[in-house]
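Engineer: Here is how the chains run, residue by residue.
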Amino acid sequence: MSLFGSLKWSSGRALALAAILSAALLCASPANGQTITVVKHSGLRVLDPVITTAYMSRNHGYMIYDTLLALDANNKIQPQMAENWRVSADGKTYTFTLRSGLKWHDGPPVKAEDCIASIKRWAEQDKMGQIMMTLVADMKVVDDKTFQIAFKEPTDVVLSALAKPSGLAPFMMPKRIAETPSTVAIKEHIGSGPFKFVAAEFKPGVKVVYEKNKDYVPRKEPASWGAGGKIVYVDRVEWVTMPDHMTTVNALLNGEIDYMENVPYDLLRMVEGKKDIKVEVLDKLGYHTIYRFNHLHPPFNNKLIRQAAMYAVGQEDVLKALIGNPKYYKTCAAVFGCGTPYDSSAGEDMVVPSNLEKAKQLLKEAKYDGTPVVLLQPTDVHVIAAQPVVITNALRKAGFTVDMQAMDWQTLVTRRASMEPPAKGGWNLFATNWVIVDVLDPLRSAAVAANGKKAWFGWPDVPKVEELRLKFARSANSAEQKKLAEEIQRLVIDEGVVVPIGQFTVPTAYRTSLTGVLEAPVPFFWNIKKTGK
Amino acid sequence: MLTYVANRLLATIPVMGMVAVIVFAILRLTPGDPAAIIAGDAATAEQLEQIRRHMGLDKPIYIQFVLWLGQLLRGDLGVSLISGVPVAGMIADRIGPSLALATSTIVFTVIIALPLGVIAAWQQGTLLDRVVMAFSVFGFSVPIFVTGYLLIFFFSIGLGWFPVQGYKPLAAGFWPFYQRLILPTLALSTIYVALIARITRTSILEVMGEDYIRTARAKGVKESAVLIQHALRNAAVPIATIIGIGMAMLISGVVVTESVFNLPGLGRLVVEAVLARDYPVIQGLILLFSFIYILINLAVDILYTVFDPRIRY
Numbered sequence: 030m031s032l033f034g035s036l037k038w039s040s041g042r043a044l045a046l047a048a049i050l051s052a053a054l055l056c057a058s059p060a061n062g063q064t065i066t067v068v069k070h071s072g073l074r075v076l077d078p079v080i081t082t083a084y085m086s087r088n089h090g091y092m093i094y095d096t097l098l099a100l101d102a103n104n105k106i107q108p109q110m111a112e113n114w115r116v117s118a119d120g121k122t123y124t125f126t127l128r129s130g131l132k133w134h135d136g137p138p139v140k141a142e143d144c145i146a147s148i149k150r151w152a153e154q155d156k157m158g159q160i161m162m163t164l165v166a167d168m169k170v171v172d173d174k175t176f177q178i179a180f181k182e183p184t185d186v187v188l189s190a191l192a193k194p195s196g197l198a199p200f201m202m203p204k205r206i207a208e209t210p211s212t213v214a215i216k217e218h219i220g221s222g223p224f225k226f227v228a229a230e231f232k233p234g235v236k237v238v239y240e241k242n243k244d245y246v247p248r249k250e251p252a253s254w255g256a257g258g259k260i261v262y263v264d265r266v267e268w269v270t271m272p273d274h275m276t277t278v279n280a281l282l283n284g285e286i287d288y289m290e291n292v293p294y295d296l297l298r299m300v301e302g303k304k305d306i307k308v309e310v311l312d313k314l315g316y317h318t319i320y321r322f323n324h325l326h327p328p329f330n331n332k333l334i335r336q337a338a339m340y341a342v343g344q345e346d347v348l349k350a351l352i353g354n355p356k357y358y359k360t361c362a363a364v365f366g367c368g369t370p371y372d373s374s375a376g377e378d379m380v381v382p383s384n385l386e387k388a389k390q391l392l393k394e395a396k397y398d399g400t401p402v403v404l405l406q407p408t409d410v411h412v413i414a415a416q417p418v419v420i421t422n423a424l425r426k427a428g429f430t431v432d433m434q435a436m437d438w439q440t441l442v443t444r445r446a447s448m449e450p451p452a453k454g455g456w457n458l459f460a461t462n463w464v465i466v467d468v469l470d471p472l473r474s475a476a477v478a479a480n481g482k483k484a485w486f487g488w489p490d491v492p493k494v495e496e497l498r499l500k501f502a503r504s505a506n507s508a509e510q511k512k513l514a515e516e517i518q519r520l521v522i523d524e525g526v527v528v529p530i531g532q533f534t535v536p537t538a539y540r541t542s543l544t545g546v547l548e549a550p551v552p553f554f555w556n557i558k559k560t561g562k
Numbered sequence: 322m323l324t325y326v327a328n329r330l331l332a333t334i335p336v337m338g339m340v341a342v343i344v345f346a347i348l349r350l351t352p353g354d355p356a357a358i359i360a361g362d363a364a365t366a367e368q369l370e371q372i373r374r375h376m377g378l379d380k381p382i383y384i385q386f387v388l389w390l391g392q393l394l395r396g397d398l399g400v401s402l403i404s405g406v407p408v409a410g411m412i413a414d415r416i417g418p419s420l421a422l423a424t425s426t427i428v429f430t431v432i433i434a435l436p437l438g439v440i441a442a443w444q445q446g447t448l449l450d451r452v453v454m455a456f457s458v459f460g461f462s463v464p465i466f467v468t469g470y471l472l473i474f475f476f477s478i479g480l481g482w483f484p485v486q487g488y489k490p491l492a493a494g495f496w497p498f499y500q501r502l503i504l505p506t507l508a509l510s511t512i513y514v515a516l517i518a519r520i521t522r523t524s525i526l527e528v529m530g531e532d533y534i535r536t537a538r539a540k541g542v543k544e545s546a547v548l549i550q551h552a553l554r555n556a557a558v559p560i561a562t563i564i565g566i567g568m569a570m571l572i573s574g575v576v577v578t579e580s581v582f583n584l585p586g587l588g589r590l591v592v593e594a595v596l597a598r599d600y601p602v603i604q605g606l607i608l609l610f611s612f613i614y615i616l617i618n619l620a621v622d623i624l625y626t627v628f629d630p631r632i633r634y
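Heads up: the protein sequence lines correspond to chains S and D, in order. Note that this note's numbering gives residue 127 to position 98 of the first sequence, counting from 1, and the numbers run on in steps of one. Note that this note's numbering gives residue 369 to position 48 of the second sequence, counting from 1, and the numbers run on in steps of one.
Excised from the complex, chain S in its bound form:
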């Protein structure tokens, strides 16, 4: 008698189970044409790119949705779904006209009313969108292909907002879908972008499949970041989740996958120099790693003590522990990223080198009483696990009492949302990483917002920062904006609103059978040609 034989005669439930098992064993994938098989940095969990800032959801968004405007590689704002835009003479009204031939994946044409609904939903969730909406007087449909956004005062914030490439990018959706409340995940995944989502083949944590949108009409300009012609040369793109990096590298070497988004630094030697493999940093700006104080509770409710901590931690120490290979990291004080339009070294002496003497002196001045610093360390996310260890060591050397608490990332994200004192389940300090394109200016960077309990975790309350951010939003003069950004950077570091601890890039590896892979801050899959299947 087999073990499975017992299932047949046991109960109805067992029969149902047996049916599921056989279906699972027999379930086959459909035949396909030319396919790019990709292993991304993580599995796709959330399919709504507006409800979450997860990069996987943003990447999914770029596959199936399109944006009205887009940033190109020169940081210039370009029309994408929009044919063009016009600004009224008083600088208050923007009129957008849609390109011809835009269609939703289920057939109907893209209309102006869809765009207005999409902008409204996105702006409820996105920080830059929220700032933009405070200035909006009216949004209205002019005709099927034209809509207007009128502002209370002259501003060009709408252009930067609608061309926002990362975080919550303003993806356009059909009106019926965009009318879903912004804190409820959408259930239909219909866009107008260059790929279609194949819902029947979606297996969370295993595979996501996209097929070419044959009705997509690309722009004529060459592809550049999210701008230009999104021409798809393959039939399908499959994102396969592989939990083990070593297996992913082996699969790439064996030709079982075409593209590995993030190659861990310690495995680079396995792929570098191989004739079939190209290793490249596609996002030249990369990431910056930061840490955040909780401004609500001792000891970091004291500015001098925050500064003491900043003097204690040296970026080089953090980056050596985190990345190790100097080819992929650099020290950088700029809260808006090094190599960006608002790059600045203001406050560098406080955040780049480690100055323990100065830290000790500030602690003495602040009369630090040994209140323990509760520092959260996520052990299951390797790109954030090293920072807390280095920070703990530096703080202890400076004279802080530190209680580093190891936990999984899920526990950390719950814990950091708590405004309670550290002894009652709160916290004092945590570290994380952000893509540089998410922090390119004072409006895009959620971490520089300092509007108290409405701000990002840590809740810094520095009204001057908010005042300067609003000025930045209202300004249409790039020289003035540069000056304001520098002033914000100085203030943000001085107050310990957010502390940059270095910038790094991540190598991507792909088989040389792929050509046309774009350099961009988001992994795009248009423009790529593949030889063979």
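Any given hint might turn out to be false.
Claimed, not checked - Below, simulated DSBU-like cross-link-like pairs (lysine-lysine); rule was C-alpha separation at most 35 Å, straight line:
id : chain 1 : residue 1 : chain 2 : residue 2
1  : S       : K249      : S       : K140
2  : S       : K236      : D       : K380
3  : S       : K149      : D       : K380
4  : D       : K489      : S       : K307
5  : S       : K558      : D       : K489
6  : D       : K489      : S       : K69
7  : D       : K380      : S       : K216
8  : D       : K489      : S       : K232
9  : S       : K236      : D       : K489
10 : D       : K380      : S       : K483
11 : S       : K303      : D       : K489
12 : D       : K489      : S       : K304
13 : S       : K132      : S       : K241
14 : D       : K489      : S       : K559
15 : S       : K558      : S       : K356
16 : D       : K380      : S       : K453
17 : S       : K241      : D       : K489
18 : S       : K332      : S       : K453
19 : S       : K216      : D       : K489
20 : S       : K140      : S       : K232
21 : S       : K140      : S       : K121
22 : S       : K482      : D       : K380
23 : S       : K105      : S       : K500
24 : S       : K511      : S       : K105
25 : S       : K216      : S       : K69
26 : S       : K303      : S       : K69
27 : S       : K232      : D       : K380
28 : S       : K243      : D       : K489
29 : S       : K512      : S       : K483
30 : S       : K204      : D       : K380
Calculated from the structure, these hints are not laboratory results.
Given chain S, put chain D in place with the hints provided.
Structural biologist: The following block gives chain D in isolation, referenced to the frame of chain S:
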């Protein structure tokens, strides 16, 4: 016998009810927030609160439990909080690879381990016995991921005989299906072959001193028949128990093997769900695993009667 089976199956209902209560309670006492996974790193506390409200996570825990129990009684395991996909569908997608790997491993293990254990017992104290036992210790001691990587290095990257990773359903053809199971089966079998070979050896050694073995030999029965028909059959009860437990463990908990060979099985699904605090998925999986354990235990109990007719229920 049929009454016994029916009673045992009926007994699964209160057991699974208790499992449901315990799992639900433990999950709600564990820190973590699915809303935070959904919202991502840049979400504010206010946004998290709104998402939580829409997901019903702000309701009192007893109300959440009653709602879930109601769903369960209707045969609905619910929907993943993170991906929005029905839990039953996710389990159906993932159970194929787990079942295939578990079956393949158990079959391979039994084919290799039983003869090894019998031979080691028969040749007790000889070089052959020591070699078999040394292999057992080796099998236990080497972590599966090391065995897995070595197998991939030699047979996939070096010789190109098998793919590095992945799973193909049986419908794609037997060879594409089994080709991807061979290396994970070998990696996983090292431990189970070691375990079952040792248990078989010990069990056979225990019965070899019994009177009926001496009688069989005195009657002139061939040594192979003594070993297989008399010794192995009488030693089968503990061996069947270990194989049963192994089968249940193979279906539910081979996360490392599934990760190294990228098999999208239930073990990985459990880990992903726990890390994301995807409550309905974790609850559904634990209930399924409890049910599988109960069924396998029942099957093993029934097998006892086949091996030892003195056992009656």
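Engineer: Determine for every hint whether it applies to the structure shown.
Structural biologist: Going through the hints against the structure:
1. S/K249 x S/K140: holds (21 Å)
2. S/K236 x D/K380: Holds: S/K236 and D/K380 sit about 33 Å apart, inside 35 Å.
3. S/K149 x D/K380: Within the cut-off at roughly 28 Å; holds.
4. D/K489 x S/K307: The hint holds at about 28 Å.
5. S/K558 x D/K489: Given pair S/K558, D/K489 holds - Cα atoms ~26 Å apart, limit 35 Å.
6. D/K489 x S/K69: holds (20 Å)
7. D/K380 x S/K216: The given pair, whose Cα atoms are some 23 Å apart, holds under the 35 Å limit.
8. D/K489 x S/K232: With Cα atoms ~14 Å apart, D/K489 and S/K232 stay inside 35 Å; holds.
9. S/K236 x D/K489: holds (13 Å)
10. D/K380 x S/K483: It holds: about 24 Å lies between the C-alpha atoms, which stays within 35 Å.
11. S/K303 x D/K489: It holds: about 28 Å lies between the C-alpha atoms, which stays within 35 Å.
12. D/K489 x S/K304: Judged against 35 Å, a Cα distance of about 29 Å means the pair holds.
13. S/K132 x S/K241: holds (14 Å)
14. D/K489 x S/K559: Roughly 23 Å separates the two Cα atoms, so the pair holds.
15. S/K558 x S/K356: holds (29 Å)
16. D/K380 x S/K453: Roughly 22 Å between the alpha carbons, so the hint for D/K380 and S/K453 holds.
17. S/K241 x D/K489: The hint holds at about 24 Å.
18. S/K332 x S/K453: At roughly 23 Å apart (the allowed maximum being 35 Å), S/K453 and S/K332 satisfy the hint.
19. S/K216 x D/K489: holds (28 Å)
20. S/K140 x S/K232: Holds, at roughly 32 Å.
21. S/K140 x S/K121: holds (23 Å)
22. S/K482 x D/K380: It holds: about 24 Å lies between the C-alpha atoms, which stays within 35 Å.
23. S/K105 x S/K500: holds (21 Å)
24. S/K511 x S/K105: This hinted pair holds, its Cα atoms lying about 16 Å apart.
25. S/K216 x S/K69: holds (23 Å)
26. S/K303 x S/K69: holds (21 Å)
27. S/K232 x D/K380: Holds. S/K232 to D/K380 sits at ~29 Å (cutoff 35 Å).
28. S/K243 x D/K489: At roughly 28 Å apart (the allowed maximum being 35 Å), D/K489 and S/K243 satisfy the hint.
29. S/K512 x S/K483: Between S/K512 and S/K483 the Cα gap is close to 26 Å, so the pair holds against 35 Å.
30. S/K204 x D/K380: The hint holds at about 31 Å.
Checked against the numbered hints given earlier, the structure satisfies every one of them.
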